[in-house]
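If you're matching positions, the sequence shown starts at -9 in my numbering and goes up one per residue.
Please note that a few of the clues may not be correct.
As the list claims (entries may be wrong) - In silico lysine-lysine, DSBU-like type, Cα no more than 35 Å apart, as pairs:
#1 59 to 34
#2 135 to 63
#3 156 to 135
#4 108 to 156
#5 135 to 120
#6 34 to 135
#7 63 to 29
#8 174 to 63
#9 63 to 34
#10 59 to 156
#11 156 to 174
#12 59 to 174
#13 120 to 156
#14 108 to 174
#15 63 to 108
#16 120 to 29
#17 156 to 24
#18 24 to 59
Read the hints as simulated data drawn from the structure, not as lab findings.
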Amino acid sequence: MLVRSRIGDALLLSLAVALGCSGAQSRLSQPGVKRDAAKSAVDKYDTDGDGSLGAAEIAASPALQASLKRTDKDGDGRITPEELDARFAVWRNSGVALTRLAITVRQSGRPVAGASVKLVPEEFQGQAIKSASGTTDSEGVAHMKISDHPDEAGVHLGFYRIEVSKTDQAGQETLPASNNTDTKLGVEISPDDPSSSRLNLQLLD
């Protein structure tokens, strides 16, 4: 069985995006966050106005909460604009335009088949970071992509909310709102996270 590392996948996908199938320049390039993204993030969630994000403010963003250990470089439990800028620099310096991502969805330890999975980028990053979607197979695995175009079978680096939805035959949602309309699920897709090409997601009650 061939096992390919996450870094190898990212580098191969970056090369494919740069050259295109025919060796010509692809229409894709590495997206960037807007210049004031760090300030925008703090402005959005900083309810006490102290210029940084504390525990309760971070919890309001599932993506920032999920990334806290990587983002909070000084370990004080807070996120500053400077720490966010450092995360954006990691993405930018990687040169990665898209990276592959498979999300395995489980509920009470069992795989969830036929669920719609969506990555919704945090608005403070700007409009270049695109949403991605996928549908889980019989093993609960969704292969995420930003569109059906062959060049876009992957996801952008970024901070995302995760929304998981599954409806019954009557079109009624079967999963708790904490997984979709009021999601508490989030992720940072980053080149320095060795597990970010395969995400194991346990649904919330």
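Hints, one by one, checked against the model:
Taken as a hint, the residue 59 and residue 34 pair is honoured in the structure, with Cα atoms around 21 Å apart against an allowance of 35 Å. Taken as a hint, the residue 135 and residue 63 pair is honoured in the structure, with Cα atoms around 30 Å apart against an allowance of 35 Å. The hinted pair formed by residue 156 and residue 135 meets the criterion: a straight-line CA distance of about 19 Å does not exceed 35 Å. A distance of roughly 12 Å separates the Cα atoms of residue 108 and residue 156; the hinted pair therefore holds under the 35 Å criterion.
For the hint linking residue 135 to residue 120, the alpha-carbon distance of about 10 Å falls within 35 Å, and the restraint holds. Restraint check for residue 34 and residue 135: the C-alpha separation of about 27 Å stays at or below 35 Å, so the hint holds. A hinted pair counts as satisfied when its Cα atoms are at most 35 Å apart, and residue 63 with residue 29 qualifies at roughly 17 Å. Restraint check: the Cα-Cα separation between residue 174 and residue 63 comes to about 23 Å, which is no more than 35 Å; the hinted pair holds.
Taking the CA atoms of residue 63 and residue 34, the gap is near 21 Å; set against the 35 Å cutoff, the hint holds. Between residue 59 and residue 156 the CA atoms are separated by roughly 31 Å; this keeps the pair inside 35 Å, and the hint holds. Using a Cα cut-off of 35 Å, the hinted pair residue 156 and residue 174 holds, with the two alpha carbons roughly 16 Å apart. Annotation: proposed proximity of residue 59 to residue 174 holds, straight-line Cα distance about 17 Å (limit 35 Å).
Restraint check: the Cα-Cα separation between residue 120 and residue 156 comes to about 22 Å, which is no more than 35 Å; the hinted pair holds. About 13 Å separates the Cα atoms of residue 108 and residue 174, which keeps this hinted pair within 35 Å; it holds. Of the pairs offered as hints, the one joining residue 63 and residue 108 holds, with about 29 Å between alpha carbons and a cut-off of 35 Å not exceeded. A threshold of 35 Å between alpha carbons decides the hint, and for residue 120 with residue 29 the separation of about 20 Å falls inside it, so the pair holds.
Of the pairs offered as hints, the one joining residue 156 and residue 24 holds, with about 33 Å between alpha carbons and a cut-off of 35 Å not exceeded. For the proposed pair residue 24 and residue 59, the alpha carbon gap of about 23 Å is at most 35 Å, so the pair holds.
Violated hints: none; the structure is consistent with every hint.
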